[in-house]
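Take the given structure of chain E and dock chain R to it, following the hints.
Each protein sequence line maps, in turn, to chains E and R.
If you're matching positions, the first sequence starts at 1 in the working numbering and goes up one per residue.
If you're matching positions, the second sequence starts at 1 in the working numbering and goes up one per residue.
Just so you know, the hints here were simulated from the structure itself, not pulled from any lab data.
It should be emphasised that the depicted structure is a prediction, and the values quoted were computed from it without experimental measurement.
All C-beta atoms, glycine included, are put in the ideal place defined by N, C-alpha and C.
A couple of the hints might just be wrong.
Computed footprint of chain E on chain R, listed as stretches where at least three residues anywhere in the stretch have a Cβ under 8 Å from a Cβ of chain E [unchecked claim]:
no., segment
1, 243–250
2, 398–411
Simulated pairs of lysine to aspartate or glutamate, EDC-like, Cα-Cα distance not exceeding 20 Å [what the hints assert, rightly or not]:
no., chain 1, residue 1, chain 2, residue 2
3, R, K244, R, D175
4, E, K76, E, D12
5, R, K244, E, D63
6, R, K244, E, D12
7, R, K244, R, E182
8, E, K76, E, D111
Residues from chain R that keep clear of chain E, each with C-beta distances beyond 12 Å, as calculated [unchecked claim]:
no., residue
9, R89
10, D338
11, F350
12, E351
13, R385
14, R485
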Amino acid sequence: MTTIRVGHLYPDYLNIYADRGNIAVLARRAAWRGHDLEVVPLGLADAIVPGAHDLLYVGGGQDREQLLVAENLAAKADGLREAVDGGTAVLAVCGGYQLLGRGYRGLQGEDMPGVGLLPLETVAGERRMIGDVLLECRLEPGLRRTLAGFENHAGRTRLDAGAEPLGRVLAGFGNDGESGFEGCRAGRVIGTYLHGPLLPRNPWLADWLLAQALAHRTGGDPPALAPLPDELEARAHDVSAARARSRGGR
Amino acid sequence: MTEGNVGGNRRAEIPLSGRAWKIPRPRDGRRPRRYPPRVRPAVPLQLEVAAARGVAALSRLVGAGGGTTVPGKLLSRLDPGAIDRLAARLPAGAATISATNGKTTTAAMAAEILRPRFRLAHNAAGANLVSGVASTLLAAGDAELGLLEVDEGALPEVLRRVLPRTVLLGNLFRDQLDRYGELELVAGRWRDAVAGLAAGTALVVNGDDPQLAAVAEGRAGATAYGLDDPGVARPALQHAADSKYCVRCGTPYDYAAAYVGHLGDYRCPSCGHARPPLDVVAREIELHGLERSLFELVTPEGTRRVELALPGLYNVYNAVGAAALTRTLGSSPEEIVDGLARFSAAFGRFERIPVGDRSLLLLLIKNPAGANEAVRTLVDGGPPRLAVVALNDAIADGRDVSWIWDVDFEPLLVGLDRLVATGERAAELALRFRYGGMDADAIELEPSLERALDRGLELAGPGGELVVLPTYTAMLALQRLVADRGLARPYWERGR
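Only chain R is shown next, with the shape it has when bound in the complex:
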């Protein structure tokens, strides 16, 4: 897998405007575009749209991925103001979804809920930088509502230009510090962006995240959602917990319940800053291994039982977020419950792929909080004896691989007889497990993803299931491998 092989890869796009970004200029010399541009070409929007769509088809033709970002890049180059006008054409407006973890899944759940009522322009393949949003709007055709997953760093610019009617902020975890910078910086940019929203824009935040609750403070009509079931809480904050200190005074929060990372029911013992009252809540949560989750969804419109064909507490967060979001767009409790029940899984986040007489179970890992939840989900479902873990270090994965040491992999090690470490930084990964206490003989080092996949399937044996935990570009490469072998549809053909 090389950095060039990134069609649809939301992380490898080069930002189109230097404004919202503080990252250094890429070393290949491409300079972020000036915004606003000095010269606006006198080409009608329709012509630009046609040209850019042609490029998408060409991109797929030459096998450069799904062509999910290329047309948007071209359009933005032709006319950086086009995205504003494309968004303004959507009759029902647009909603944005941003979070460190779960934004693709939350958006996909919201799409399932909204589909009976709206024709959607939805970046389902996860192209979530400004160029990806532009590509989605380009391909929108007669769509009525924009449903846009937006990268954390790109959010301020997208909000300024798309002017959405609803903005969902899901969570902020430490993620790719080499690219996003520290959590506080992202939170600060979000605060500024929210302050600039029109008064009529509906703000939906995860109230269990202290940083995001603080963003919504003082904003009339904001919706807070979260979890309320101490029975499924963690006994203690995880090692990688981020926003442990009061956003107002710096004192460590007391947690009545910590659910995922620092998300939970918090209160500052010093100044009293606490979780806000929740408007949309999940209660009575039941997690059934790797198969499904059940919970009670409490909204001002009433209480409904939700059945979700997805494992893990983090997916309950995604579902409650999707419910809170679609509620602001007029979805009824019945539509919400039905949509969530229909939902299976977003691309690659949790995916079973049959491969001959065995199967692959893919769980994306990309930062400590997300990987901890993947590990927790696997262990709750009966710890696997065999796993392939894949670590790449392209820009989209994070060039800094230190985060693997902040993941609590240890509960997984207890049941593992064998682990295949793969990807460009396979040796680093192998060290993580070895110094985590795994026997050196139980670890196989195989940097080639293809050979690691084959080795894993061989070890899984007939009828067996192979658990694979890949980082982002490794996941794309593995998807491509199984697609090339005719075992699964390529990602850009799904979710349409």
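Only chain E is shown next, with the shape it has when bound in the complex:
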């Protein structure tokens, strides 16, 4: 049994799209494999200590709450970068995803700094992009899977040339409604607009994150986790995917 240490960044501020659902899925799926998941909230006054966490989670918030934490997180960029260089995995959703880039430019100059961990920046758009989304991802060679979720964002996120998106948009808007891509992946760091929450109906991604976190914990390669039945998860995924195909954005 291994204890996986999760640092949950700003849970009091960034929690708008049921982020605790993602945490619950990580915790149960770890427990079903005989591991413990220990979740530590990291608030405004807490430092990010490199090596202290195997997985960091950043959720989404309303504009106001996101603004309240943006500078705080930017001031912790060094600790975060060092943690990631040391192999800590990261999942950032929606507002958290935007904060991991270089920054956010608002329509009326209400700019927010980012931490610059992911090679991207975000600019506010006039119209929110809201709806069901379906992606195709290849996180590892031969691992071709879909992600079904829901997006609701005004920001248009542009990846730098050569950056790796999380997936190709099969239905929905994605990063900016134009590029045909969604999210960003850099090593063990994943940023995405998809909530729903993301992990309950996409358990393969939860398991991928757990494997990366275990690799950081043990210092080895990501282990293969025992398969789970996941029938309910597959049904929920299929309904959500069908929604994206029939009524996703664009």
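Just chain R now, kept in the frame of chain E:
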């Protein structure tokens, strides 16, 4: 249940004016109407009224629901200015009631209080967009006072056009983010709308909601209402609490008492922004399980004991809101107490329906704050061992179902032996309970509402009660199912 089957459904109407709405154009290509219109047809109001009423009858005839919004839509298309003139015909004016949660119940309570004094034009079936308001005014006949429940997003336009004499703002919780946008946006639109009200308009706000107290600041003669009884407060803010940060400076509020979500007695430790003095207050609150609630209603006119045949602290909020509202319309404390005592329940919000030798207990769930209160009420009344939970994702329910993960269902799981997950997103719901710690064997997945209802009744057994927690369109579908079986009157025939 399909999205087409939505008569009386306040959430599925297409907004008639693009102005107050920032939602994207519906994918079926219907464009929000231009307002004001370029051309106004030269048809007398009386003729338009007759035509639109005819359509309502036709809508019921073809079984498309109660015809509660169709005539208003038609009228608005014929003449978008008609609603202003219909409202102006009401001799005693109109009052509006808006809130994320409880507006239907609050309006129904106010109707019970006001009925002895006024003939009412009241959208009791919950058709609360501009078209629903128009339909209600159309059907008003010789009504004296308009009592209008108004959708959060439609409020600015309705206020501009109906020019009510009293405006009640009940609460703002996160709700259908895919449709309304973030809480701050709605609050901002309400602030602007209130700033545009005539000086003589009475503003009534829930002072326990920091956002709404801020809306009333600086407005002379505004009434604040709320609760004052730390004995029934929550030990801590719930997970889904929304307006936790000071509206002025962003510091987290200190709560002397948190009652429902972020509603309570708050104070900012940094800048001192605090709950305003309350004009109408509930004290000495007693909650008696699923049956009733008692409290002392304190107003400037005196203190009265109120007995309410409804459970739950959220209904105490609704009752105090109805009291504060009707007080501005001249109701005496006696009329208020008597009206509240007569009140039973608004359509579908908390309803017991006998079904043969067993019964259904329906509690609507539609967002985290409301669902938390439904769960709390059930648990306080003795946690059920069996429940059917129904999750649909039509526009009226919210297409984004992530909110179910923000509901504190866990206190309910402790007592549940079996749960039937149903509705179009039944699998997602089943996952919510499974990852919430419920045994997989205790969860039954049955997407068909009809089969889930039958299965639930079968499990309830003779003499048993089946607790059903449906989202909005699922509730309408279930109501229709029991009505079709001759067990209850259809919703559009109630509350008249």
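The hints, checked one at a time:
no.	hint	result
1	243–250	holds (count 3)
2	398–411	holds (count 8)
3	R:K244 <-> R:D175	holds, 16 Å
4	E:K76 <-> E:D12	holds, 18 Å
5	R:K244 <-> E:D63	holds, 14 Å
6	R:K244 <-> E:D12	holds, 9 Å
7	R:K244 <-> R:E182	holds, 14 Å
8	E:K76 <-> E:D111	holds, 18 Å
9	R89	holds, 39 Å
10	D338	holds, 42 Å
11	F350	holds, 25 Å
12	E351	holds, 28 Å
13	R385	holds, 22 Å
14	R485	holds, 28 Å
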